[in-house]
Amino acid sequence: MPFYKCLKCGKVWQYPLSECPFCFIKLEPLVSKQAKVVSASKVIIPTMRHAFVPYFSALIEDENNNKWVYKSIQELNQGDCLSYCSDSEAIAVWRIKYDYLEAIRKAIELIKGLELKENSKILILPSLFSATQAHVRENTSPEFLQAIIEYLLQNNIKIENIKIASQAFGEIPIEAMAERSGLLAVCLKNKIMPLDLNKTNFIKQDDLEISEEVIKADLVINLGINQAGRAKATENIFRILKKENYLGLKYLCSEKEIAQKLENKINNLINLSEADYLRDKEGYIYYLGIILAGKSFLKLDRVFNEIIMSREISDLIADISFEDISLVGRHIKEIQFNLIKI
Amino acid sequence: MTKFDYSTKPWWQFAFEASLEAFKDAQMTPADIDAIVFSSISSAAGGEHQSHKVSFLSDLFKTNVPIIEVPSVCGGGGVAFWTALHLQGFKNILVLASEKYADNKSETTVDWILSAAEKTIEQPEGMLFPVQNALIWQQYMAKYKATMDDLSLVAFKNHTNATLNPKAYFYKKPIDLEKIKNSPIVASPFRLMDCSLSVNGGAAVILSQEESDIKVIGSGFATDYLMTFGRQDLTHFKATQLAAKQAFGQAGLTPNDINVAEVHDAFTSVELISYEDLGFADFGQGAELIRSGKINLGGSLPINPSGGLKAKGHPISATGLAQIYEITNQLKGRAEKERQTNPLPKYGLTHNIGGAGGSVTVHIFEKNN
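In order, the protein sequence lines correspond to chains A and B.
Using the working numbering, read the first sequence as starting at 1 and increasing by one per residue.
Using the working numbering, read the second sequence as starting at 1 and increasing by one per residue.
Only chain A is shown next, with the shape it has when bound in the complex (with noise of 0.2 Å):
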C-alpha cells in the first residue's frame, strides 16, 4: 500500500497528493517493506461487493508504523506477513487505489518486470475505439496513459525511443477520437508525436501482415481497457494489422483464430489492462479499482470475465478455461463481484 508523506512536516497520506499543503511541497512516496497482520475479522455477511464469505478483513502495518486495511479469501493471523508470488507466464490481478503509477508499477513486478535497456524502443499500444470523452470508459484514460509513459522514464527509457500508436478502423479518423479520448494531450505533454499504424510499412508475416513498427519495437505495450461482454485487449491488438488485412482474414477464419495466430507471432508483447471503472454493455459506468497485466492478451481478458462474474462471453474468449490461468497478486475471489448485482 503507498503512503505518501512530507519530508519536512511529517504529515502523511494515503492519497496521492500533488504536494503537502502545509509546506507545498512535493510528497515522498513510501512503498511498504514488509506488511503484518495487526488484526483480523472474519465477515461472515456476503454484501454486493463482497459475494464471498467467509472473508477475512485484516487490521496491517508496515515497518514505517503506517497502517492500512486488506481483504484475503485466506484466514489471517496476528503477526501473518502479507507476500505475494511473481511468474512471468501467469496474469498479474492487482488493486488501483488512486495511484496508477504505483498500480502499474506492483502489476508488472507480479509479473516478474520487464526486460528494458537504456535503448530499448517501446511501442505503446493505447485503446482508441471511439471519440468519446475519458469518462465514458471507451478507450484508454489519459491518466492510465501518462502513468505508463513515467513507468518507463523512470526505468530510465529515453523519451525519444517511446511511440505511442494504434490505428482506426471505423468511420471515425484517428485523429478525431485522439483528440476527443484526451489522449492527443497525454501524447503532446510529453513530446511523444502519435503515430498512425495505417500509414506504416506492414510486414508480411505467414497470412498477417502486422506493422514494422510492432516488429522493430523491443517492447510492445498494449493497454487494454476492459469493458463487460467485451475482450478488448484482444480486440486492440488487431489493430497492429494492416486494416485490409484484418478484414480480409475475418472472411477467411474467425477472430478468435486471428487473435490466436497474434498470440503466438508477438513475441515482445505485455498487456497492461485497466479496469478502475469498467463500462457496461449499455455504457454504465461502474466502480472496479483493479489492473491486470501478463503476457496474454487472451488469458488477461478471460481472467477479467471472471472478476466481474459476467454471463456474457466474447467469441474471442468463450472456451479458454480460466481454470488453466495461473494468476498472481489478489485472490480472485477477493475482487470478484457480480456485475448484475450492481
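Take the hints with a grain of salt, since some may be wrong.
[Said to hold, decoys possible] Simulated pairs of lysine-lysine, DSSO-like, Cα-Cα distance not exceeding 27 Å:
{"no.": "1", "chain 1": "B", "residue 1": "K179", "chain 2": "A", "residue 2": "K42"}
{"no.": "2", "chain 1": "B", "residue 1": "K145", "chain 2": "A", "residue 2": "K36"}
{"no.": "3", "chain 1": "B", "residue 1": "K105", "chain 2": "A", "residue 2": "K333"}
{"no.": "4", "chain 1": "A", "residue 1": "K281", "chain 2": "B", "residue 2": "K119"}
Rather than coming from a laboratory, the hints here were simulated on the basis of the structure.
Chain A is fixed; fit chain B onto it per the hints.
Coordinates of chain B only, in the frame set by chain A:
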C-alpha cells in the same frame, strides 16, 4: 419524532409527521419558522431519491424561508442542530431530519450507507462498518482486557429500555441476555446483537430565541479522518473527546454533572468506548461502568433510556435529533413512567457520531426551573 420502523411512507412524510409534533409542542405553525436546517441521506432504492429536498420542504410547509441541507450521514441530525445553533438573525429555526433508506434488499441498503466510508482504499478491502468497529474493538480488548460479555450488557440494557419506549422499534419486544450472547457472528468478534438497527423515521426540534424551559448550554463539533486506521489512537474516538471538551467547557460542567445521556451506539463497542471519550469513565474503565449498573434505568446516570440506536432504531440522519427529542422529554419529565429518570434530571447530554468517529457532535441541555 415518528416511530422508528420499516414502514413504507415516503421520506417527506416522516419529515412532516415529526415537524407536526414539534409545531404542536411549541405551539407554533410553519409561519412562525424563519429558517429550516434539514439533514438526510435519502432512499437507497432510488425511486424516491431527491437531491433538492429543500425545495420540496418549501412546498410542504408553504414557506420561502432559507432552508439549508446539512448531510453528515449518521451524525447528520447532530450536525444540523449544531449548524442551527450557529446561525444568526433567526428567531425560530426548525431542525429536521428524515430517512427512508431501509427500502430495499439489505445488500443494497448496506452498499448505500457504505457511501459514508472510504470507497476506493478501504471498502474494496471488505471494510464494512461492522468490520471497522470490530477491528477497533479487538484493539480495545487487547489493551484494556474488556470482553464480549461487556458488549452484551450494553445491548441488553438498550433492548430493555426500548421495550418501554413506544417510539422504539423494539417496543414491547424483549430480548434476553442469552439470546444476545448467542446471536450469529457478523464480523468476528461482533455478533448481530452488537449492531444497531437500520430503520426509517424522522425527528424534529425547534430552536427558539424565546424563553423556554430547556436551554442548550453546550455545543461541540469535531471531525476526524475518514480512514480510521490513519488516526493516532486506534481504540478511542478523538472527535468525541474534542466535541465533549468544547461542550463541557461552554456549559461550565463536568461529566459528573450529567444526569441522563443519549450516547451514539451504532455498535455496542462504540457506546462503551464513548463512555470514556465523554468522560463518564476513565480510559479502560468503560466495561466496569456497564457492569456496575449505574447507567441502567434507575441508576445514577441512565444512558440511552430511549433504547439507543441499538434497539430504538437508527434512521441515519434522524438519530441525532431523536436523541435530543429523548433528552428534552427526560428533562421535562415527559418520558413514560418506567423510563423517566428519577429524580427529575437537570442536565442531559446527547452524543451523535457520523461514520466511524468521522464527525461528532456533543450537546448539553439544562432544564430551567
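Hint check:
| no. | hint | in the structure |
| --- | --- | --- |
| 1 | B:K179 to A:K42 | 21 Å, holds |
| 2 | B:K145 to A:K36 | 23 Å, holds |
| 3 | B:K105 to A:K333 | 23 Å, holds |
| 4 | A:K281 to B:K119 | 24 Å, holds |
In this structure, none of the earlier numbered hints is contradicted; all agree with it.
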